[in-house]
Structures are given as C-alpha cells and as structure tokens.
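Heads up: the protein sequence lines correspond to chains A and B, in order. Sequential numbering of the first sequence, starting at 0, is according to numbering that gives the first Met the number 0. Sequential numbering of the second sequence, starting at 0, is according to numbering that gives the first Met the number 0.
Only true hints are included.
DSSO-like cross-link-like pairs, simulated, lysine-lysine; straight-line CA separation at most 30 Å:
1. B/K371 <-> A/K204
2. A/K371 <-> B/K371
3. A/K371 <-> B/K20
4. B/K204 <-> A/K371
These are computed hints drawn from the structure, not numbers from a lab. Since this is a predicted model, take the numbers as computed values, not measurements.
These are the residues of each chain, in order.
2 protein chains.
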Amino acid sequence: MELSVPNMLLAAKQCEIQELKHLGVTAHLVGAVGHLVHALQSERGASTIFLASSGRRFEATREKLIEESRSLELRVRSSFEQQLANPAFGSARRFSLMAWVLLGLDSLAELREQIAHQRLSPERAVAAFSRLIAGLVSVIFEAADAAFDPSISRALVALFNFIQGKEQTGQERAVGALSFASGICDRQHQQRLLHLIDAQERCFKSFVDFADEEGLRHWRALQDTPVVARLERLRRILGSTQPGAALDVNLSDEWFECCTERLNQMWQLQIQLVEGLQKRSDILILEAEKDLQNSAGLLNHLMARPPECTRAVDRFFDPDARIDAALTAPPNGEIGTQLGHLTMELLQVQSDRLARMENELESTRRALNERKIIERAKGLLMARLRVSEEAAYKLLRQTSMDQNRRMVDVAEAALSLPDFIAP
Amino acid sequence: MELSVPNMLLAAKQCEIQELKHLGVTAHLVGAVGHLVHALQSERGASTIFLASSGRRFEATREKLIEESRSLELRVRSSFEQQLANPAFGSARRFSLMAWVLLGLDSLAELREQIAHQRLSPERAVAAFSRLIAGLVSVIFEAADAAFDPSISRALVALFNFIQGKEQTGQERAVGALSFASGICDRQHQQRLLHLIDAQERCFKSFVDFADEEGLRHWRALQDTPVVARLERLRRILGSTQPGAALDVNLSDEWFECCTERLNQMWQLQIQLVEGLQKRSDILILEAEKDLQNSAGLLNHLMARPPECTRAVDRFFDPDARIDAALTAPPNGEIGTQLGHLTMELLQVQSDRLARMENELESTRRALNERKIIERAKGLLMARLRVSEEAAYKLLRQTSMDQNRRMVDVAEAALSLPDFIAP
Numbered sequence: 000m001e002l003s004v005p006n007m008l009l010a011a012k013q014c015e016i017q018e019l020k021h022l023g024v025t026a027h028l029v030g031a032v033g034h035l036v037h038a039l040q041s042e043r044g045a046s047t048i049f050l051a052s053s054g055r056r057f058e059a060t061r062e063k064l065i066e067e068s069r070s071l072e073l074r075v076r077s078s079f080e081q082q083l084a085n086p087a088f089g090s091a092r093r094f095s096l097m098a099w100v101l102l103g104l105d106s107l108a109e110l111r112e113q114i115a116h117q118r119l120s121p122e123r124a125v126a127a128f129s130r131l132i133a134g135l136v137s138v139i140f141e142a143a144d145a146a147f148d149p150s151i152s153r154a155l156v157a158l159f160n161f162i163q164g165k166e167q168t169g170q171e172r173a174v175g176a177l178s179f180a181s182g183i184c185d186r187q188h189q190q191r192l193l194h195l196i197d198a199q200e201r202c203f204k205s206f207v208d209f210a211d212e213e214g215l216r217h218w219r220a221l222q223d224t225p226v227v228a229r230l231e232r233l234r235r236i237l238g239s240t241q242p243g244a245a246l247d248v249n250l251s252d253e254w255f256e257c258c259t260e261r262l263n264q265m266w267q268l269q270i271q272l273v274e275g276l277q278k279r280s281d282i283l284i285l286e287a288e289k290d291l292q293n294s295a296g297l298l299n300h301l302m303a304r305p306p307e308c309t310r311a312v313d314r315f316f317d318p319d320a321r322i323d324a325a326l327t328a329p330p331n332g333e334i335g336t337q338l339g340h341l342t343m344e345l346l347q348v349q350s351d352r353l354a355r356m357e358n359e360l361e362s363t364r365r366a367l368n369e370r371k372i373i374e375r376a377k378g379l380l381m382a383r384l385r386v387s388e389e390a391a392y393k394l395l396r397q398t399s400m401d402q403n404r405r406m407v408d409v410a411e412a413a414l415s416l417p418d419f420i421a422p
Numbered sequence: 000m001e002l003s004v005p006n007m008l009l010a011a012k013q014c015e016i017q018e019l020k021h022l023g024v025t026a027h028l029v030g031a032v033g034h035l036v037h038a039l040q041s042e043r044g045a046s047t048i049f050l051a052s053s054g055r056r057f058e059a060t061r062e063k064l065i066e067e068s069r070s071l072e073l074r075v076r077s078s079f080e081q082q083l084a085n086p087a088f089g090s091a092r093r094f095s096l097m098a099w100v101l102l103g104l105d106s107l108a109e110l111r112e113q114i115a116h117q118r119l120s121p122e123r124a125v126a127a128f129s130r131l132i133a134g135l136v137s138v139i140f141e142a143a144d145a146a147f148d149p150s151i152s153r154a155l156v157a158l159f160n161f162i163q164g165k166e167q168t169g170q171e172r173a174v175g176a177l178s179f180a181s182g183i184c185d186r187q188h189q190q191r192l193l194h195l196i197d198a199q200e201r202c203f204k205s206f207v208d209f210a211d212e213e214g215l216r217h218w219r220a221l222q223d224t225p226v227v228a229r230l231e232r233l234r235r236i237l238g239s240t241q242p243g244a245a246l247d248v249n250l251s252d253e254w255f256e257c258c259t260e261r262l263n264q265m266w267q268l269q270i271q272l273v274e275g276l277q278k279r280s281d282i283l284i285l286e287a288e289k290d291l292q293n294s295a296g297l298l299n300h301l302m303a304r305p306p307e308c309t310r311a312v313d314r315f316f317d318p319d320a321r322i323d324a325a326l327t328a329p330p331n332g333e334i335g336t337q338l339g340h341l342t343m344e345l346l347q348v349q350s351d352r353l354a355r356m357e358n359e360l361e362s363t364r365r366a367l368n369e370r371k372i373i374e375r376a377k378g379l380l381m382a383r384l385r386v387s388e389e390a391a392y393k394l395l396r397q398t399s400m401d402q403n404r405r406m407v408d409v410a411e412a413a414l415s416l417p418d419f420i421a422p
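With the hints as extra help, turn the sequences into a complete structure.
So this is what it looks like as structure tokens:
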C-alpha cells in the first residue's frame, strides 16, 4: 500500500475494526465462562450438602447439576477453541489463564468421582470448585482489562464485579450450609461468613459504579425482594451466635433454598448483563464497518483527484487537538483543495474520537488497576505472614485507616518493600 | 489445533513472540523518528537565524541541514511504510498519529519555500517546526505506552523524556537566539525561556528515573562539561535582564554555538539510547524464539505419551500463583505423570513471568498516565482560559501547592469538571 495520509487513516480504521472483532470473540467467551461459573456454583452447593450428609441427600440433584455443568463446559471449550484458532485475537496473558482453566476442567471428572465416593471433605470440595471458579472469573477480569472500547470496558468491569460478588454469595451459601448442617457454630466458619458478606458488598458497590442504567434498575429491583429479608434474618443468626453454641440443623434447608433463590435472581441479571454486552459489541462492529466503508469510499473518490494540500502546516501535531492558540493561525493563506480539507477533517474526527475513548477508558482501567494492586498485596501478605485472605485484607484496611492513607497506597507500599514482613 | 493445555501454552508463547516482533518494528520506528527530530531541530535553529537576520546569515548552513533532514525524512517514511505493510503490528492510535506526522512532512517543502522567500516571521517558523517535532515526539510516547515488556517500556519512557527534554533545549536555543539577535530583552521571550528551562529539568528528572545504568553514566558525564558552565552564564544574562533593557547582540553567536554543542552532546547520548533499545529488543526476540523451540520440543515429546494428569485439581487457579495455604494440599494423592508435572511446571513458569512483567510494567505505565492526565488538563486550561502553556502549567502547580494535593490529582479534578472555568 502506498504511503499516504488517506491510507494511514484507513489502516487506523482497520485496526479499530480488528480490535472490535476481538471484542466480539471476547463477549462470546465471557458469556460462556459466566454461564459455566453459575453451573459450577450450583454443583458446588449440591456437592457440599451431598458430602456433609454422608451421601444421604442431594444425590439426584447433584447428578442433574453435573449434567448441566458438563454441557456448559462444552460451550466454554468451544469458545476456547475459537480463541486458539484466532491467536491474534488473544494475548499471552489470556492464553495462559485459559491453560490454567483447561487444566482444571480436565480434572473435574476426577474431582466428581472423589465426591461420589465420599473420599473428600466438604471443605476440600468447596475449595476445589472455588479454585476452578476463581480461574474462570480471572478470565473475565483479563477481558475487562484488555478491552479498548470504553463502553465495553465499563460493561465488562460491571460484569466482572457482579460475577465476583455472586461467587462470594455462592461461597456464603456453602459455608452457611456447612454451619447449619453441623448444628454448631464454628468460629472459623463465622469469620469466613462475615468476610464474604463484606466482600460481596465491595463487589456490588463497584458493580453499581460501572453498570449501565438498565443493569442498575434490575439490580435495585433485586434489593426489594422478600428473599432478601429472609436471608438477612438467617445471616443474623449465623453471625451473632456465640462460637461453640448450637445452631438449628433444621434451618439448613431454609438457608440453602433462600441463598439459591437469591443466586437465581442474580443469575437472571447476569444473563441480561451478558446479552447487553454481546449486543453492544455487535453494534460497535457494525458501526465501525459502515464507517470504514464510508471513509474508504470518500477517500477513494478524493484520491482520484490530484492532491494539492501542501500548505497545511497547521492544526496538525497536537494529538488531542488542543493547540496553543498563539501558534494556530496558518502561516500564510488557506489550505488548498477539497482533498486537503476532507482528509484533515476525517483525521481530526478520528483523532478526537481516539483521544476521547482513551480518556473514558482511563477511569475504568484505574479501578481495575487498584484492584490488581490490592489483590497482589493481599497475596503477598498471605504468603509472607501465612495468614488467611480475610486476615490479609483486614491488615491492609486497618493500616489504611491508622495511617489515613488510601488502601491502594498502603498496598503499593507493601508491594514495594522487598523484605516486607509486617506493616 | 486441538484444544489442550500444551497447545494453549504454545499459543501464549507465540503471542509473546508476536508482541516482541511489534517491538522490533517499534524500535526501528523510534530510532528513525528520533533521528529526524534531531535534524529538524538543527534546521529550525538555522532557519530562525536565517529569518531573524533577514536572510543575511546561515543561508548555506540551512541548505546543508535541509539536505540532512530530507534524507532522514526518507528513513521515517520507509519506517512508516513498514508499519503500513504490517497493520497488525500497529494500533488505531499509532496510525492516526503517523497520519498527522505524514501530513506535516508533506507540507515541509512549502514551509521551506516560505522561509527561503522570507514570507514567514521567525516565531511562526519556530512554531511550525515545533509542531511537526511535537507530532514526531508523540509517536515515541505512544510507542512507550504500548510496549508490553517492562525493560523496553522503561527504555522507551527514558528515551521519550530525553528527546522531549532535548526538544525543549532546542526551543530554548531558538528563543534565546531570537532574544540576543533582537538586542532587547522581551518579557514574553524571557518567560518562555524560564518555562523551557523548568520543563527541561522535569523531563530530565523523569529520564533519570527510568534510564538504565549505562544511560545514567553517560548523562552524568554530560553534566560535567565546560559547555554547561558557559550555557548557565548566558542563561543568567537572559533570565535576569530587565524586560525592555538592552541585550548584547554579539552574544547571539556564542549562545547559538553553546546550545548547539550541548544539543550535539545530547544527540550522542540519544544515539546510544536508541542503539541500546534496538539491541535489547533483538535479544528479547531471540530469547523468546529459543524458548518457544524448547517448549515446543519438550511438549511434543511429552504429548507423544498418553496424558494421564487428571488429578491436578491443585495449584491451579491463582493467576499470581499465590494460593490460600489452607486450601493448597491436593485433594487426594499425587499428580500422576511426568507430562502432568512438566506441563504444570511450564505453565507455572510462564504465569509467574507474565505476572512479574505486569507488576514491573505498572510503575512505568502509571508515570506515563500521570503525564497524560497533566498534559490533558493543561490543554483544557489553555483552551478554556485562553492562556499559554506556561500559564496553564503554573496554574496547575500553584493549585497543587495551595491545596497540598498531588499535581495529577489537581489535573484530574480539573478534567472531571465539565463546566470548569478556573480552579
């Protein structure tokens, strides 16, 4: 291709379309992954009760849920295959995450068999499912981090936070079910439960920050359902019972049903979020393609005439189109031809749009970035101090409050000290 | 390609190599662009004196420098062609910036003719060259922003700051030359000069933060040359003369030579920085390719045996490989085969490396991001308040000091107020 301003412009447009097509693949991937997460959450719940009841309960339910997980696993696998067939649409980071997830999917059969033969404690089963789900959720996080369109990026961040929050609701169901089923209040379970409630609130707060109007409306409607009142009452019992004291085993079923209903309501919202995301990415691709055809047509038409636009020393070299007013007037005379005018106008429109998109992306990226830093610091503290996730998080939050610094700054300070032992 | 963990791993490696090859193209582009910037700086200097002396001085020098700029322009064009031939190696942002630059290069002939016929004021000529140079420098900024390897990203940020600082040195030469040549101290020139000195210091501070050992050593050596003492004496005269008072016209030549010597010294360092960058990117590509062959060989060898690694529910789903210690022990027994072990080890090594790279990239990205935010806020203030770049920068700095907030936070506040008039 000949080196010319119009060709550069077309190349820029084609890059945009290419990036949007990645988005299409990503939206498909995220939808499939989110669906499997939901299915595995249900299977985890049923498996926990199956194990906690020594195989007396939920055997059939569990079988049914396994079938569902399996069929959704196939969708995720086909979505991974699509990525593998289009390596240019992925990144090293994404393939690496998908490899971890695949390793986990490959080992699901073995996990299920161990559960079927009750060779696993319920806690271990919860942990194994939760790790696989965490891997799947991190695929969604990576997608949000890699998206270059601001509206899609916001939608993915909202979705990620929602799925993450819902996953914590799912874990809460599992831990609460274990507590009620055991008939006794265990301090560790109780602490974990309170942490999970806290973590859900943080996720849903971020969800609210990034969700669109429709998502918000749906979410608000979810806060006003009878199941919330029932859930809060049971949460109060789990949270305020003295460790060591008895819990009513009969509440076990009510707890599970109540959490399940809540999760199913959330699942409806998740479906809506994924559909919105896919619709949005389809629209963007269509728009960009139309735009490309228009620009291409316009530019080809113009290129048929001889270019004479050589006086345009002006308006140029400020990528954000903000030029020191004192330096702006053209050196002498006007910019020549229609070609010059139109090319420059197209270029200006495109530069403006790219700059605006980048501006809008930044707040989303920053939010993701802060989360990454806090997560990493938490991981570091867990490894160095050999403490639980809750303890690491509390330590960061306490230090942040004591020193009156933002949590992300405390997290960063923790990460930057190579021989950091305690804050 | 069949969906398997080893194939995912290979795809991740191939993505990395692809990204490194972009880096190779980028390093070439940045080298050519940096070289042209230097040539245009010299041409700008000679053109200013030519115009300020009403064509009596520097006519031959200017001709010679134009020839040099032209040959370097061809190198930049061929580097742009290389990008155009590999659209997948670019981005919409980069092509858009290159289109602006190309528009400017296309208009250079006209600019030169206007200068030759003295139809342009020296100030306008400086402005026109400076805009083209600013466009070229923003191509380097974009490259730094897009680099995914931490060592390359740091090298590009150092180079960008160095070239930006050197450009301000070049502008200082032009403004100082105008001042001395006019024989009188102009308040506006004086303000601009002080601003440029200040801006240089900021750029070189950032350069020092990101440069490697060799670059730093070279830079420190540059601070100890006789030319610095001469330059500082002349700067003192320009900076401390009362506006309206006379300046010694005879110092004009000394100023120009002195600045030129300083710029040439900087140019030597720039060459070294670009060479270092290209060498580093070549090494990375070679290493990654060797690595790919090794992994591919290893994995193919292993794939020839039947895979049995289905017990590995473990160590998996934490992308940063930091797993809650309480959940870590394998559910039951060991992970089976050599294939399982080796695949997981390769995957672990790769995930660890990607996470480490991302950590290291973040501080660089943050530095670039803060600069972008401050630049944007400056642009906004310039447009809204119709003030110069200096005034906008001072306003941000003053507000930052008054409110005891970081400048980037003030800049962000300014950007987030849609109807912002004055801080």
